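Taking the hints into account, I'd like the entire structure generated from these sequences.
These are the residues of each chain, in order.
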Amino acid sequence: MPQVTLTVNGKQHTVTVEGRTLLVELLREKIGLTGTHVGCDTSQCGACVVHVNGVSAKSCTMLAMQADGANVTTIEGLAAADGTLHPMQEMFREHHALQCGFCTPGMVMSAIDLVNSHPQGLTEKEIREGLEGNLCRCTGYHNIVKAIAAAAPLMHAK
Amino acid sequence: MPFEGIGASVRRKEDVRFLSGRGNYTDDINRPGQLYAVMRRSDRPHAKILGIDTAAASAAPGVVAIFTGADMAKEEIGGLPCGWQIHNKDGSPMAEPPHPVLAVGKVRHVGDPVAVVIADTKQQARDAAELISIDYQDLPSVSSTPDALATGAPLVHDEVPGNLCYDWHIGDKAVVDGVFAKAAHVVKLDLVNNRLVPNAMEPRAAIGDFDTSSGDYTLYTTSQNPHVIRLLMGAFVLHIPENKLRVVAPDVGGGFGSKIYHYAEEAIVTWASAKVRRPVKWTADRSESFMSDAHGRDHVSTAEMAVDADGKFLGLRIHTLANMGAYLSTFAPCVPTYLYATLLAGVYTTPVIYCEVKAVFTHTVPVDAYRGAGRPEATFLLERLVDCIAHDTGIDRVELRRKNFIAADAFPYQTPVALEYDSGDYQTTLRVALENSDYAGFEARRAEAAKRGKLRGIGVSTYLEACGIAPSAVVGSLGARAGLYEVANIRVHPTGSVTVFTGTHSHGQGHETTLAQLVCDQLGVPLSQVDVVHGDTAKIPFGMGTYGSRSLAVGGSAMVKAMDKIIAKGKKIAAHLMEASVEDIEFANNTFTVAGTDKSKTLTDISLAAYVPHNYPIDVLEPGLDETAFYDPKNFTFPGGCHVAEVEIDPETGVTEVINFTAVDDVGRVVNPMIVEGQIQGGVAQGIGQALLEAAIYDKSGQLMSGSMMDYTMPRADNLPNFNVATENTMCTHNPLGSKGCGEVGAIGSPPAIMNAVIDALKQFGVRHIDMPATGPKLWSIIHAGQAKMAAE
Amino acid sequence: MYDFNYEKPASLAAAVATLTGDADAKALAGGMTYIPVLKMRLAKPSAIVDLSAAGLSGITVTASSVTIGAMTTHDTVAKNAQVRAAIPALAALAGGIGDEAVRHRGTIGGSLANNDPAACYPSAVLALGATIKTNKRSIAADDYFQGMFTTALEDGELIVSVEFPIPQKAAYEKFRNPASRYAIVGVFVAKFANGARVAVTGASQGGVFRHEGMEKALSANFSPDATAGVTTDTDNMNQDIHASAEYRAHLVGVVTKRAVAKA
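Chains A, B and C are the protein sequences, given in the same order.
All residue numbers for the first sequence refer to our numbering, where the first residue is 38 and numbers rise by one.
All residue numbers for the second sequence refer to our numbering, where the first residue is 23 and numbers rise by one.
All residue numbers for the third sequence refer to our numbering, where the first residue is 583 and numbers rise by one.
Honestly, the hints are just simulated from the structure, not real lab data.
Computed from a predicted model, the values in this text were never measured in an experiment.
Ideal Cβ placement from N, Cα and C applies to all residues, glycine included.
Fair warning: there could be bad hints in the mix.
[Unchecked claim] Short, incomplete list of chain B residues facing chain C, as computed with Cβ under 7 Å:
1) E674
2) I719
3) Q725
4) M727
5) M732
6) D733
7) Y734
8) P799
[Unchecked claim] Derived pair list, reagent style DMTMM-like, types lysine to aspartate or glutamate, alpha-carbon separation capped at 25 Å:
9) B:K594 <-> B:D543
10) B:K204 <-> B:E378
11) A:K183 <-> B:E674
12) B:K144 <-> C:E589
13) B:K476 <-> B:D180
14) C:K844 <-> B:E470
15) C:K626 <-> B:E750
16) A:K183 <-> B:D740
If you want it as structure tokens, here you go:
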């Protein structure tokens with residue numbers, strides 16, 4: 038069986054997988070990082086979004102082997118070592134941008150990517166369109182949009 | 023200490039865990055030695071099972087066991103029970119056909135589970151499930167609601183003639199018919215309430231874990247009400263006494279009703295775990311959820327209102343067909359009856375109402391309560407009908423509503439359909455909603471949109487709903503096979519911190535925060551020293567769970583009662599310690615004081631004394647400070663309000679954009695305004711989804727065409743506007759908090775507001791009604807035909 | 583998913599050799615369509631040949647053409663300054679495929695080899711008269727697309743790059759499926775010195791097609807008004823729960839008009 042070596046949240050792992058093992062299965066079942074979720078099977082919902090080499094990717098639509106040599110960041114890897122939340126996490130909390138919390142990890146990872154790719158700032162419309170790949174059934178998105186708008190300047194100020 | 027009590031928008035206690043990826047959802051749990059279950063489901067809507075060959079599958083790598091319905095039948099495993107019995111017009115009970123856990127003899131909908139494969143890995147279980155060979159004899163099927171009653175329609179259950187589950191009614195038909203015979207106007211409307219798929223973001227999952235040493239069973243499951251599951255599964259399906267069965271509903275990723283019910287997979291993994299003597303986990307794929315989670319809505323109705331010459335409503339007559347799907351889901355029968363027909367007075371003084379409901383079986387996924395459950399169907403019907411009355415009589419739609427409102431001073435108000443409303447002020451919620459939405463300025467916005475080539479419309483809905491379904495004795499008399507009280511256990515620890523054990527369950531509602539705020543408020547304990555425990559039958563007393571916007575109104579009230587007991591006992595201890603009379607002890611701000619003196623003891627002083635009873639009235643009082651209260655409400659609560667939607671339609675594509683959405687709701691006492699607004703926003707989003715985007719569509723052959731997120735349109739961020747949400751509250755008069763509930767108002771009030779706006783936008787084409795969802799192609803066809811007709815004229 | 587062997591050859595030649603040696607092996611580009619197909623167990627390849635190390639990504643822009651390596655991601659194309667300057671419509675199209683996470687992995691070569699009838703890229707390739715360069719030959723766009731999920735590619739033939747001529751003007755407009763967000767109708771219009779080319783994706787049962795009526799009208803007068811009255815035959819239109827054939831045919835006109843206005 039093939040082996041994959043990758044760095045997840047700064048820690049290197051070498052894991053035996055099947056060819057068909059998905060990256061999300063590797064993360065959840067082999068490495069035990071269950072913060073990344075699976076909400077659909079058609080790449081629609083975005084609950085599984087992680088960062089692969091610094092940019093967002095749907096870990097349910099990527100083979101574990103495709104991540105060989107990659108640097109992966111999951112929701113568990115965002116906060117500082119002392120527990121200080123990433124500004125996006127903090128703004129999600131401040132603006133009540135989560136209810137059941139299931140879509141939240143993917144939503145936060147996508148939101149960070151969205152802000153990173155818009156150094157010039159984001160309009161409300163751009164935020165809404167930028168969330169096309171993430172579904173939330175609880176919030177109606179209102180507060181997610183607010184949280185991202187509030188986090189963007191904090192992230193750019195860093 | 024910052025203000026953290028009732029009325030404070032404190033940030034949620036649960037959020038850091040969810041934001042850090044440390045939530046503990048069912049699929050995150052892995053038990054030592056765990057195996058994986060995959061269901062082999064029917065891919066056809068109706069067929070006889072002639073044979074099941076599991077030989078090849080059993081020999082596949084990693085397979086530990088395969089079970090079929092016959093295996094379960096051999097052990098006398100029961101069918102999935104129904105929790106509510108409706109009686110027909112003639113008093114006879116509804117048809118209640120068996121609902122086997124795994125199909126026996128026949129499959130009755132696409133997705134009906136036929137066999138379970140248990141293997142070392144999920145992939146192996148899935149590989150093997152494909153190798154099971156099922157010999158089917160296809161039978162004709164019926165999937166549409168009206169077709170189910172047609173003469174000669176294929177029968178879903180041989181023992182249920184005509185596919186009729188029940189034929190129920192409420193009201194006096196002769197009296198209502200008499201009113202119609204003399205009315206100045208009769209306004210009639212045929213309408214459909216579209217079938218929906220709940221789609222909580224977390225797919226259902228279940229782990230059965232049989233302890234071979236103790237013989238105890240544990241079920242971890244994605245449930246809104248673990249005690250109900252324990253009762254139903256233990257008593258009716260698997261015959262396991264409560265003391266040997268623990269049900270844990272850990273973090274649950276949204277429910278919206280779909281996780282109330284006892285599902286086959288819960289029983290399968292629990293039973294199978296004992297058979298294979300290892301834990302067994304099942305997690306649904308999303309496409310599996312589409313064909314196994316209970317769907318919502320699916321009504322076909324005819325509504326008629328008798329109206330006098332001035333526009334006063336004289337009587338309402340309704341005929342509704344409700345689709346139950348292939349089997350009765352746990353609470354399905356009550357949804358189109360006691361959660362629907364009893365709401366048909368709405369906010370209006372309609373003096374007489376008659377409603378008959380026929381529930382039918384079809385070869386589709388079972389239908390049960392989905393956010394709002396019956397009340398969105400009643401509200402959509404009423405609020406569309408009121409706009410049609412305005413259309414037909416020429417009376418302004420807002421004036422028509424005002425003219426027929428129950429007055430703010432008319433409470434308690436007895437409706438003709440059983441309910442007695444305790445409070446409300448519909449004129450105020452309407453007035454504020456019209457102000458907040460700048461209703462008066464709309465025509466200028468319509469004209470401006472027209473210049474841009476867009477059709478702009480505005481719609482109003484004034485609605486009411488009933489939450490916190492109760493009292494137990496009343497619902498029992500109506501057919502409920504459960505109580506509908508709630509329980510709270512308040513444990514004040516020796517050093518004054520508090521743990522709340524609640525029978526409600528939080529799956530997004532933020533109970534760990536809101537319920538803790540009640541403790542801050544009543545006992546003066548800081549939020550950081552209050553924890554809320556829910557979702558584990560081994561920890562909490564027998565509670566009924568969370569649905570129907572009941573948690574605060576019923577569960578919160580139970581907490582108030584339990585804390586009253588804590589204070590009462592604390593006063594006795596304080597009286598002893600301060601050598602005063604109990605009658606002279608006052609409690610406020612975490613402190614017991616002897617009235618009129620500066621003598622006081624903190625709650626911590628008292629709790630310490632209670633657990634270290636050295637100086638204690640031990641002869642008359644037990645040690646400890648730990649109280650439980652069961653609260654059975656006297657009545658429902660009645661949230662209501664007004665929603666105003668403003669839309670623009672692109673005439674070239676028919677696509678509707680929601681430009682503004684204003685909600686002014688009366689939810690009674692608000693504990694955490696931030697959380698309440700979030701609940702309303704989320705409910706409105708689901709209502710907009712129903713109105714514009716979502717539909718579970720079966721084709722004639724019984725296949726679910728919208729069976730994945732590639733085809734079922736979930737609302738996304740760019741489908742929705744920012745929401746203008748506010749509350750104008752009157753207090754519930756019969757519970758100690760005054761709270762009414764906020765979980766469903768958004769999904770109840772919004773669909774007719776949106777549809778009234780869409781129809782208003784298209785009024786130049788003579789449109790009177792459009793069924794949901796108002797999709798692009800549907801509206802384009804109307805516009806296209808309307809333009810052609812106008813051009814011809 | 584059925585299990586398979588995973589291979590990641592380090593060169594195009596090695597990839598071709600692997601695919602040629604095993605008829606049941608399948609090439610994997612970004613995987614944004616093919617991995618979902620595998621997950622639904624609609625395909626059972628013996629091996630997956632990951633092309634990500636085969637040296638097939640990159641963008642070259644000259645005065646007259648834009649050449650994009652097969653493994654170049656949509657996000658790279660969308661954000662590439664040279665593409666944005668030379669054929670802004672192509673960058674915009676790439677920036678509108680799927681969502682951002684999909685664009686980080688999905689590739690032009692994968693999209694074209696799969697030729698999903700609702701994919702965006704085929705319309706740009708056809709409307710711009712691009713050339714598909716493979717390990718064996720160059721294929722004109724007009725010869726490449728052969729019906730839904732069908733192309734001129736032979737066994738063992740891999741797309742290496744796609745060369746797009748730079749038009750005078752171009753634009754892509756998409757009417758999305760509300761659920762999947764794929765194109766119900768996507769129209770790419772391009773104006774060249776010798777006339778206009780119009781390609782429509784999403785609408786037809788036969789996959790992407792050139793719209794002769796629109797091309798004639800827009801060659802004569804490249805303006806939104808010129809599309810008025812040009813009809814689209816409903817006979818070959820797709821039908822599903824989201825759009826009837828009539829609606830799709832109507833949308834072709836609306837979307838083409840909007841694309842021209844945007845160009």
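Check: Between K183 (chain A) and E674 (chain B), does the CA-CA distance stay at or below 25 Å?
Finding: 32 Å, violated
Next item on the list: Below or equal to 25 Å on CA atoms is what counts here, so check K844 (chain C) against E470 (chain B).
Entry: This hinted pair holds, its Cα atoms lying about 23 Å apart.
Margin query: Interface hint check: M727 (chain B), Cβ to nearest Cβ on chain C, cutoff 7 Å. Holds or violated?
Written below: Status holds, d = 5 Å.
Notebook entry, point to check: Does P799 (chain B) meet its interface restraint, that is, does its C-beta lie within less than 7 Å of any C-beta in chain C?
Noted result: At 4 Å from the nearest chain C Cβ, P799 (chain B) passes the 7 Å test, so the hint holds.
Item checked: K144 (chain B) paired with E589 (chain C) [C-alpha distance capped at 25 Å] -> Holds - the C-alpha atoms of E589 (chain C) and K144 (chain B) are around 24 Å apart, at most 25 Å.
Checklist line | Interface hint compliance - E674 (chain B) to chain C, C-beta minimum distance less than 7 Å | finding: It holds, given that the least Cβ distance between E674 (chain B) and chain C is near 5 Å, below 7 Å.
Notebook entry, point to check: Can we keep the I719 (chain B) interface hint, with Cβ of chain C closer than 7 Å?
Noted result: 5 Å, holds
Check: Are the Cα positions of K594 (chain B) and D543 (chain B) separated by 25 Å at most?
Finding: Holds, because 21 Å separates the two Cα atoms, which is no more than 25 Å.
Next item on the list: Using Cβ atoms only, decide whether M732 (chain B) comes closer than 7 Å to chain C, and label the hint accordingly.
Entry: 4 Å, holds
Next item on the list: Mind checking the alpha carbons of K476 (chain B) and D180 (chain B) for me, to see if they're no more than 25 Å apart?
Entry: 53 Å, violated
Check: Holds or violated: is the Cβ of D733 (chain B) closer than 7 Å to a Cβ in chain C?
Finding: At about 5 Å, which falls below the 7 Å cut-off, the nearest Cβ of chain C leaves the hint on D733 (chain B) intact, so it holds.
Next item on the list: Would you check the hint for K183 (chain A) and D740 (chain B), treating anything up to 25 Å between C-alpha atoms as holding?
Entry: 14 Å, holds
When each numbered hint is compared with the structure, violations occur for hints 3, 11, 13, 15.
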